[in-house]
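Place chain B on chain A using the hints.
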Amino acid sequence: MQLSGWGNVIRQPARVFRPEKRSEIQDVLNQVNGSSIIARGLGRSYGDAALNERGSVLLGTRLHRFNSFDSSTGILECEAGATFSEIIDTFLPRGFFPAVTPGTRFVTVGGAIAADVHGKNHHRDGSIANFVEGFDLLLASGEILICSRAQNTDTFWATIGGMGLTGVIVQAKLRLARVQSGYVAVDFKKTANLDQTLSAFAADDANYQYSVAWIDGLAKGAALGRSVLMRGNHARLSDLPVEFHDRALLPPQVRHRNVPFHFPSFALSPLTVRLFNSRYYCRHEDGRQILHFDEFFYPLDAVEHWNRVYGRRGFYQYQAVFPQSDGGSGLRELMEKVSNSGRASFLAVLKSMGERSGGLLSFPMPGLTLALDLPNAGRRTVDLLRDLDQIVLRHGGRVYLAKDATLTRENFEAMYPDLPRFKEVQQQLDPSNRFSSSLARRLGIGAGQ
Amino acid sequence: MSWVLIAGASSGIGRAVAGQWAAAGNNILLAGRDLDDLGRTAADLSLRYGIRAEALPLDVLDFSRHAAFFSEALAKAEGRIDGVVIAHGLLPDQAEAQTNLDVLRSTIDTNYTSAASLLNLIAGDFEKRRSGFICVVTSVAGDRGRQSNYVYASTKAGLTAYLQGLRQRVAKANVSVTNVKPGFVDTAMIWGKPGVFWVAPPERIARDTYRAVRRGRGEIYTPWFWRWVMLLVRSIPDVVYRRMKF
Chain A
1 MQLSGWGNVI RQPARVFRPE KRSEIQDVLN QVNGSSIIAR GLGRSYGDAA
51 LNERGSVLLG TRLHRFNSFD SSTGILECEA GATFSEIIDT FLPRGFFPAV
101 TPGTRFVTVG GAIAADVHGK NHHRDGSIAN FVEGFDLLLA SGEILICSRA
151 QNTDTFWATI GGMGLTGVIV QAKLRLARVQ SGYVAVDFKK TANLDQTLSA
201 FAADDANYQY SVAWIDGLAK GAALGRSVLM RGNHARLSDL PVEFHDRALL
251 PPQVRHRNVP FHFPSFALSP LTVRLFNSRY YCRHEDGRQI LHFDEFFYPL
301 DAVEHWNRVY GRRGFYQYQA VFPQSDGGSG LRELMEKVSN SGRASFLAVL
351 KSMGERSGGL LSFPMPGLTL ALDLPNAGRR TVDLLRDLDQ IVLRHGGRVY
401 LAKDATLTRE NFEAMYPDLP RFKEVQQQLD PSNRFSSSLA RRLGIGAGQ
Chain B
1001 MSWVLIAGAS SGIGRAVAGQ WAAAGNNILL AGRDLDDLGR TAADLSLRYG
1051 IRAEALPLDV LDFSRHAAFF SEALAKAEGR IDGVVIAHGL LPDQAEAQTN
1101 LDVLRSTIDT NYTSAASLLN LIAGDFEKRR SGFICVVTSV AGDRGRQSNY
1151 VYASTKAGLT AYLQGLRQRV AKANVSVTNV KPGFVDTAMI WGKPGVFWVA
1201 PPERIARDTY RAVRRGRGEI YTPWFWRWVM LLVRSIPDVV YRRMKF
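Going down the list, the sequences are from chains A and B. If you use my numbering, the first sequence closes out at 449, no skipped numbers anywhere. If you use my numbering, the second sequence closes out at 1246, no skipped numbers anywhere.
Same shape as in the complex, but just chain A (with noise of 0.2 Å):
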């Protein structure tokens, strides 16, 4: 079966199985003995974190049962494949909300914890990582494992982050926050610029539990960070108006639409993203606005296949973070860098982070995080990519894996630096190296490489 990352550039054949019962993940485990395998939910990561060519891969989608919900403390035990989807439909009614959400409400608990994911409000609480109160991890040996931040914490924090190549995530406990409503009271604010954008962050993020801002990755010179912020906190039910009190809790009625098929290559041609871009930022107003979840969390999970629109060729995602030490600097280059290209991104996205996790492989750190889509054109996009690498680098900074499809493996290692640490924990686990993905052999991780 050919599968793909979410931005279509990588197209691998695999073995795919996809159990229907918990006992049935051993058996595929030992019925694949000889090729490598690599858990995959729903297939949202971008490039090939959840490939694995010409070996196998396990679709973890049909085990998403929960098992038990603790009311007084929000703790949820559920089956790997649950989603965030459903966690909220069940339990936004009941006055809870993931603690840390991504930006796709389409994604599985164990693909959530293999990434360490993060959502928008990562400088008040941080990433996933800090919700997970343990998991049990099937193992290369066949053994279930299980971890906990008070047990077997070496393994837990090489699986946090680790891109599922410590084992099999089968089910995790995971604490839900508790909320008043489902929606979000959002301030909305337009900066001039990209100095203006960031002491904005810096001034006042920490009034508010969420903030993003959408930026514009083409504008040039005096105008380069122009950005919309968007920062918000939770809606109290005193937030809202007085006939939504009773259906505060209440999940949307959202009409879905679809991309039924790839967009040919020239609708996102920097002339038509240009003109999205400028519509974006002069249709935006300071202000207040109360939003619905889906609309401040999830706003493309609103059109199924989005990505399409990016056409056959597909696009890269590039999400990396710099230092807070850095002061933006890189952040500036790394901008320029991409707007002088002309390589219309049509979706960039700006935060600050907080606390880095633990995670061996995690992600996040203090600094700020810049993620852009960027049209697959070939060659040319790649070089352009291992450009914002060396920038990353330089100042730094490191790049997403949970998104990358590029980074050489040198850079990866000058990136991580507690890559030593998980390859030792993850040898111990998987001498044999039994669970290996795309990503994991370019970037040199497992046995004897």
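Just so you know, not all the hints are guaranteed correct.
As the list claims (entries may be wrong) - With a Cα cut of at most 20 Å, we get these calculated SDA-like pairs of lysine to any residue:
{"#": "1", "chain 1": "A", "residue 1": "K189", "chain 2": "A", "residue 2": "R226"}
{"#": "2", "chain 1": "A", "residue 1": "K21", "chain 2": "B", "residue 2": "A1188"}
{"#": "3", "chain 1": "A", "residue 1": "K21", "chain 2": "B", "residue 2": "L1035"}
{"#": "4", "chain 1": "A", "residue 1": "K189", "chain 2": "A", "residue 2": "K173"}
{"#": "5", "chain 1": "A", "residue 1": "K21", "chain 2": "B", "residue 2": "R1033"}
{"#": "6", "chain 1": "A", "residue 1": "K21", "chain 2": "B", "residue 2": "W1191"}
{"#": "7", "chain 1": "A", "residue 1": "K21", "chain 2": "B", "residue 2": "S1002"}
{"#": "8", "chain 1": "A", "residue 1": "K21", "chain 2": "B", "residue 2": "I1190"}
{"#": "9", "chain 1": "A", "residue 1": "K189", "chain 2": "A", "residue 2": "F276"}
{"#": "10", "chain 1": "A", "residue 1": "K21", "chain 2": "B", "residue 2": "P1201"}
{"#": "11", "chain 1": "A", "residue 1": "K337", "chain 2": "A", "residue 2": "L250"}
{"#": "12", "chain 1": "B", "residue 1": "K1193", "chain 2": "B", "residue 2": "R1146"}
{"#": "13", "chain 1": "B", "residue 1": "K1193", "chain 2": "A", "residue 2": "W214"}
{"#": "14", "chain 1": "A", "residue 1": "K21", "chain 2": "B", "residue 2": "D1034"}
{"#": "15", "chain 1": "B", "residue 1": "K1245", "chain 2": "B", "residue 2": "V1196"}
{"#": "16", "chain 1": "A", "residue 1": "K21", "chain 2": "B", "residue 2": "A1043"}
{"#": "17", "chain 1": "A", "residue 1": "K21", "chain 2": "B", "residue 2": "E1054"}
{"#": "18", "chain 1": "A", "residue 1": "K220", "chain 2": "A", "residue 2": "S329"}
{"#": "19", "chain 1": "A", "residue 1": "K190", "chain 2": "A", "residue 2": "A223"}
{"#": "20", "chain 1": "A", "residue 1": "K173", "chain 2": "B", "residue 2": "L1047"}
{"#": "21", "chain 1": "A", "residue 1": "K423", "chain 2": "A", "residue 2": "K21"}
{"#": "22", "chain 1": "B", "residue 1": "K1128", "chain 2": "B", "residue 2": "R1169"}
{"#": "23", "chain 1": "A", "residue 1": "K21", "chain 2": "B", "residue 2": "L1047"}
{"#": "24", "chain 1": "B", "residue 1": "K1128", "chain 2": "B", "residue 2": "S1002"}
{"#": "25", "chain 1": "B", "residue 1": "K1193", "chain 2": "A", "residue 2": "E24"}
{"#": "26", "chain 1": "B", "residue 1": "K1193", "chain 2": "A", "residue 2": "A223"}
{"#": "27", "chain 1": "B", "residue 1": "K1172", "chain 2": "B", "residue 2": "A1188"}
{"#": "28", "chain 1": "B", "residue 1": "K1193", "chain 2": "A", "residue 2": "V28"}
Claimed, not checked - Listed below are several chain A residues computed to face chain B (Cβ distance under 10 Å; list not exhaustive):
{"#": "29", "residue": "F17"}
{"#": "30", "residue": "R18"}
{"#": "31", "residue": "P19"}
{"#": "32", "residue": "E24"}
{"#": "33", "residue": "R62"}
{"#": "34", "residue": "R65"}
{"#": "35", "residue": "F66"}
{"#": "36", "residue": "E86"}
{"#": "37", "residue": "T90"}
If you are wondering where the hints come from, they were derived from the structure by calculation, not from laboratory data. Yeah, the Cβ is synthetic: ideal placement off N, Cα and C, and Gly gets one too.
Leaving out everything else, chain B in the frame of chain A:
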């Protein structure tokens, strides 16, 4: 609250059907062989939908225990089961089924005999009580045998005829009998198999099934277009059909 019994509840369709009835506020009895799996589904359903769900051991091939099983089910449901969905089934390798007697027999026993045996018990109870619904998942395959799966198809065709008669019998007692004929469904039964197309998610089958039972329909195809596809397939003259390869 009413209780609905699902036989074959850890099959892809069985699980989806259980979810559909649970979401509508019914208590669920999940019957099947894999108690560990059924227990997990039961916990999930009661957590998600705030209903009661119980796992119940059922080996459909153990015919001598069918009566005892149904008594246990009734006991768990406080004496009254309001409806039953039979969703277990076996899709054998056709080449084996046409050469190996054991495979032939186990296919017939699983798909036809066990369902008929359970329904003999259940229909009697429902008829006496003068209420309840019976729903059985068969297959579009039963509409016309094909060289690639006619052993499987014949069990579903047999079951379809059984249900036609049963429907006529129990209609007088206010009991409905719904025959659900899905096309290809995205479950373990066909995962990774070549030659499948227009594959529907099990949740779609469950939704259509629920609606058909609520409306008291006798027979449905799901998704709907299979009705017309099968009409076409049935109308191919035999002289042509026997030359065809599909």
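Hint-by-hint comparison with the structure:
1. A:K189 x A:R226: 11 Å, holds
2. A:K21 x B:A1188: 10 Å, holds
3. A:K21 x B:L1035: It holds: about 11 Å lies between the C-alpha atoms, which stays within 20 Å.
4. A:K189 x A:K173: 37 Å, violated
5. A:K21 x B:R1033: 12 Å, holds
6. A:K21 x B:W1191: 14 Å, holds
7. A:K21 x B:S1002: Violated - the C-alpha atoms of S1002 (chain B) and K21 (chain A) are around 27 Å apart, more than 20 Å.
8. A:K21 x B:I1190: 15 Å, holds
9. A:K189 x A:F276: 19 Å, holds
10. A:K21 x B:P1201: 17 Å, holds
11. A:K337 x A:L250: 44 Å, violated
12. B:K1193 x B:R1146: 17 Å, holds
13. B:K1193 x A:W214: Measuring from Cα to Cα gives roughly 45 Å; hence the hint is violated.
14. A:K21 x B:D1034: 9 Å, holds
15. B:K1245 x B:V1196: 14 Å, holds
16. A:K21 x B:A1043: Since the Cα atoms of K21 (chain A) and A1043 (chain B) sit roughly 14 Å apart, the hinted pair holds (cutoff 20 Å).
17. A:K21 x B:E1054: 17 Å, holds
18. A:K220 x A:S329: Roughly 16 Å between the alpha carbons, so the hint for K220 (chain A) and S329 (chain A) holds.
19. A:K190 x A:A223: 12 Å, holds
20. A:K173 x B:L1047: Answer holds: K173 (chain A) to L1047 (chain B) is near 15 Å, not above 20 Å.
21. A:K423 x A:K21: Status violated; Cα separation ~31 Å.
22. B:K1128 x B:R1169: 12 Å, holds
23. A:K21 x B:L1047: OK: K21 (chain A) and L1047 (chain B) at ~19 Å, within 20 Å.
24. B:K1128 x B:S1002: 18 Å, holds
25. B:K1193 x A:E24: Holds, at roughly 18 Å.
26. B:K1193 x A:A223: 56 Å, violated
27. B:K1172 x B:A1188: 38 Å, violated
28. B:K1193 x A:V28: Satisfied, since the Cα-Cα distance of roughly 17 Å is no more than 20 Å.
29. F17: 8 Å, holds
30. R18: Given a least distance of 6 Å, the restraint on R18 (chain A) holds.
31. P19: 8 Å, holds
32. E24: 8 Å, holds
33. R62: 8 Å, holds
34. R65: For R65 (chain A), the interface hint holds, since the closest Cβ of chain B sits about 4 Å away, which is under 10 Å.
35. F66: With a closest approach of 5 Å, the F66 (chain A) hint holds.
36. E86: At 8 Å from the nearest chain B Cβ, E86 (chain A) passes the 10 Å test, so the hint holds.
37. T90: 5 Å, holds
Of the numbered hints stated above, those contradicted by the structure are hints 4, 7, 11, 13, 21, 26, 27, listed in ascending order.
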